[in-house]
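Asks: The chain contents come next:
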Amino acid sequence: MIGFLQWTFSGVLIGLLYALIALGLVVVWRSGRIVNLAQGEIVVFGGFVIGTFTLLFSQVWWVGLLISFGLLALVGVLVERGIFRPIVGQPLLSLFMVTIALILVFRGVTLVTWGAEPRSFPTIFPAEMVNLGPFGFDSALFWGGIVSLLLVVALTLFFERTKWGLRLSAVAEDHQVAEALGISVTTAIMLAWIIAALLGGFASIVFLNGKTLTLMASMIGFRGVAVAILAGLESVRGVLLAGIIVGICESWARGYIDPYTGGGMSEILPFLIMVGVIIWRPQGLFGWKIIERV
Amino acid sequence: MLPCGTYPRTYNEDKAIVRTRLQWLLLLLFLILLFTAPLFLPTRYIGIIIMMAIICLAVIGLQITTGYAGQINIGQAAFMGTGAYVTAYLAHHFELPFWLTVPAGGAATALVSVIFGFPAARVKGLYLALTSLAFMFIFPFIFLRLPGFGGTEGLSIKPAALGPVTFVGTTSLYYLIMVVSVLMVFFAYSIVRSRIGRAFTAVRDADNAAEILGINVFYYKTMAFVIGTFFAGIAGGLWAYYFRFVNTEQFTLFHSIWFLGMIIVGGMGSILGAIIGTVGLRGLEELITYLGPILAETLPFIGGKVWFAGMNILLGAVIILFIIFEPRGIVHRWNILKATYRLWPFPY
Chain A
58 MIGFLQWTFS
68 GVLIGLLYAL
78 IALGLVVVWR
88 SGRIVNLAQG
98 EIVVFGGFVI
108 GTFTLLFSQV
118 WWVGLLISFG
128 LLALVGVLVE
138 RGIFRPIVGQ
148 PLLSLFMVTI
158 ALILVFRGVT
168 LVTWGAEPRS
178 FPTIFPAEMV
188 NLGPFGFDSA
198 LFWGGIVSLL
208 LVVALTLFFE
218 RTKWGLRLSA
228 VAEDHQVAEA
238 LGISVTTAIM
248 LAWIIAALLG
258 GFASIVFLNG
268 KTLTLMASMI
278 GFRGVAVAIL
288 AGLESVRGVL
298 LAGIIVGICE
308 SWARGYIDPY
318 TGGGMSEILP
328 FLIMVGVIIW
338 RPQGLFGWKI
348 IERV
Chain B
5 MLPCGTYPRT
15 YNEDKAIVRT
25 RLQWLLLLLF
35 LILLFTAPLF
45 LPTRYIGIII
55 MMAIICLAVI
65 GLQITTGYAG
75 QINIGQAAFM
85 GTGAYVTAYL
95 AHHFELPFWL
105 TVPAGGAATA
115 LVSVIFGFPA
125 ARVKGLYLAL
135 TSLAFMFIFP
145 FIFLRLPGFG
155 GTEGLSIKPA
165 ALGPVTFVGT
175 TSLYYLIMVV
185 SVLMVFFAYS
195 IVRSRIGRAF
205 TAVRDADNAA
215 EILGINVFYY
225 KTMAFVIGTF
235 FAGIAGGLWA
245 YYFRFVNTEQ
255 FTLFHSIWFL
265 GMIIVGGMGS
275 ILGAIIGTVG
285 LRGLEELITY
295 LGPILAETLP
305 FIGGKVWFAG
315 MNILLGAVII
325 LFIIFEPRGI
335 VHRWNILKAT
345 YRLWPFPY
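Each protein sequence line maps, in turn, to chains A and B. With the first sequence counted from 1, adding 57 to any position gets you this note's numbering. With the second sequence counted from 1, adding 4 to any position gets you this note's numbering.
Source of the hints: derived by calculation from the structure; they are not laboratory data. Cβ coordinates follow ideal geometry from the N, Cα and C atoms, glycine included. Don't take every hint at face value.
Stated by the list, open to error - Per the computed footprint, the stretches of chain A lying under chain B, defined by three or more beta-carbons under 8 angstroms from a beta-carbon of chain B, are: (1) 142-155; (2) 166-179; (3) 234-247.
Unchecked claim - Facing chain B, a subset of chain A residues (Cβ under 8 angstroms, in silico): (4) Val162; (5) Leu189; (6) Ile325.
Here chain B stands alone, though its shape is the one from the complex (with noise of 0.2 angstroms):
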């Protein structure tokens, strides 16, 4: 629901992400804000506003294959860490710099992925959820003997550099990824409303009924996959320089199921769902971080360990209570409230 009085004229006016003066402004405030965060904030929030950062282009990725496409993809830490470890391994043999290197792993995810997105896009039904899966286990087999990528000690690089500054500290890092994230998320957004992201939707909805309108059904499906695990790839080579360690310990099946939980919190089919769904379920884990050695001394019957273990618990039941209860995620409940005030004091 747009606001009273806006209404497209011309294709370009329609399929404008910023409609509106307001939205203009909104968007500028929350920039500048995001830029001037280190200023204010101590270095503790910036590191957490940096690892949202990160996951969240893994999420928008699978936002993008998941929720866009409908294909299921339970590798999407595996396809990061790919990226994670060819960003490393050129830096770390080539000394190449980091905007080269970054999007050098983002494109070697995305081949990656090809392979195992072939097999599953050529039948209909959940195959791609069981060929990433297989990836999942393939990945720190071939990680751990390939030469050069550093055995079970994995990787380590130097900083990122662009001329003489070098990207250390975590504010000077929180800028750099602050404007890969910000540039890869409108990259996302222009995919999803051009011909390509209204074709996964398609695809999603009714493969059949896409087919018949001319859309190649197996080429979208394996490029929503391949587009996913871009994303992935680019957040996996962000993560190398923020850790400046990569290891396969860092890239495992839970975390790939996190993945798919925040786009089921956020809300399926969503770019802001993904990045809804992460600030909320990354922030719910630093909060039990926090909040656990704290409850374990105020109870100290129950024990340290339970409140981490108990994550477990709490986000499986968080996933199937939005499955059960409201399957298209916090972002649609969003959506009800805006057009609620934009129609206000009017029912509809």
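For reference, chain A alone in the conformation it holds in the complex (with noise of 0.2 angstroms):
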């Protein structure tokens, strides 16, 4: 029974962890229908910057991470200056395959800026495991967890509640709509994108405090599509129940499956759902009913 428990709440642990991935590909989906599969390479670039520049700045670490946050909303400008500005309005197959060209750009500039040797990732999260009770958690999925969260809600009540937040809901309705109020379509996607590599980056730290950070942590991004198509791609809250879902899910697998296959099963279950949610409910648990079928 507490092998169970102990699962059940890694799995959740996890989960959050899959629900701030997810929200970075929510995010830029409601910003203008672009599917953000970047995302993974994103944490993995922002863990090689996170890396750096704390190590850099080793006695004053939170410069470091200030910086680098700094670099990489700058990179999210980037993104949309140099690339979604001229294309807005293209077919979604043209936006599709931009976000694949980004896969590409994106491992290039790290291959060539920090090579392929894996690297031990900096902890800022304390090291040892939290303790409640007979369960034992990773620390950094605990706290990271518990901040995504309230990122959730934060983000939550940002699109609801502030003007910038409705504007962005706006646009991700439709745009053309959304130009005719005098929202700019341009300025929306370039804050999704400065958010989603923040987000990106704050993931990277969840992820691998204190680990070895390598080029297939980018894997994670994928995983990530899962939970978002689970959750319903214009949903924000609903990246929640859903990254838990899948969290719990893939430990449960991990736990009672994995001994009988020879492990994998869990590597794969995130897109087995993601297959299924497809077949039963291509909009999701919370999105918007715009599936049309032809």
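Combine the two chains into a complex, taking the hints into account.
Replies: Below, the structure is given as structure tokens:
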């Protein structure tokens, strides 16, 4: 029983991390029907940036952290200015291809700047386990999970209560209507990419705190896609529940199925869930019902 | 734009691939050049051409799915791997001849693709991209664990044989792969000029209108995916016979992304575009592989690895630049050029 609960709780924590990644996708999707497949590469890129700057300012690591997040925000601006501004209004196919090209660009920049060798990521959250009663949790996942919860609440409030957030929601509904109402679509897209880049940076801290940073870490971005599909691509608060569902399923698979399949089942389970969602409920749990059958 | 004085009088003439005598002549010359290439080109280049031909088949398949029917497939490399694995399995365990194993690999791939194609074909949007992405991750899981597929070590197979002839060296394999490739390219041209191909284009451009015209959109979306992956399966089978070794590491997400890049650079919605894109990007890759060590020697302060790492940036930038400045690809420029010299000296 303790084992089962332990698997469940660690699943919840992993799920909160997935929710964080999926948030980056949802925000970008809302800005202009762009499926942000590059979020995983942003996590790796952000991880390398944060690792480098916190090492550079090892005494005052929070300065390094601030600089890294500033840099990531700048990357978000560059992505919008350089790539998405010229192709606003192009067919969805082009937008999709551009995000795929972004994967390559981020991967290439990371490789050229830092090389392919794995390196250790700084310990920003305390390294020791968090113990609650009989259960032990990875401290980064634990504290990161709590911060993710707060972030989701904050972003939901942002999108539903503030002027800027409402503007972004209008853009999510319809580009032409938003433009007619005097809302700048390009600014919305830029804001979305800045938020996505910052979320990616934060996710890299939660994910990699005190671990080894390799290029393989980018695979988490695709799990984020699965979570975002389950949540519904428009739903900011839905990612929380969807992330926890995927996280728990994956954790159970790791505990109870992996020993029989020689591992790996937990790796592909999010994608099986994603295919299932596309079959039974393409708009996801909380997405807007604009799915059209043809 | 056709040359002056060429006009179709019957439907058969209208859908012909080769229209004028000059085109026949050029086609014949090209085929002769293609099949005599091993006589005057060094083996290194023959190997490059073989790789281009194999990848070209997978990219043509992707062109049919993505360029003609508008369904994005980011799992083409995994489908290629499925074809390679099935081919290798049949050749390894049952010792079937290649003319059975390669089509069987293609057919098995097409069968697998139905599972991932039908959930996405039901709904409008880019859902095929997501299900094929899922297959990209499920593919290594399946083939590393299924018994008889060699696990992490992969499968190795005997060379292809036809009667007393065995295809061992690069040159003999070249002929085999070229014959298959030319047949498959002809097959692709035949699909896209038939009713099926026109239905694909209709589904891509306006699916509601297509439905009203009596095209079963669900059926044709699935079919575009199945045909596209069939090409990938055949390409995978040839890959298996070329390397005589199959492993999941050979078919990664990044290969799929390269394939997509090739159809963008070449031009969406054109078989010729797929060929141009493959030759162009593959040639660029070979050029960097060749120039990399030389550049690293002349500019030692930059380091050798940077050039290969830079390839990702280069390809990403090329894709983005093409989408921004020439979304219709190189083939569109080529068509403009063709129209210009056919009209010359008149402006239109």
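Asks: Each of the hints needs a verdict: does it hold here or not?
Replies: Consistency of the hints with the structure:
no.	hint	result
1	142-155	holds (count 9)
2	166-179	holds (count 5)
3	234-247	violated (count 0)
4	Val162	4 angstroms, holds
5	Leu189	33 angstroms, violated
6	Ile325	5 angstroms, holds
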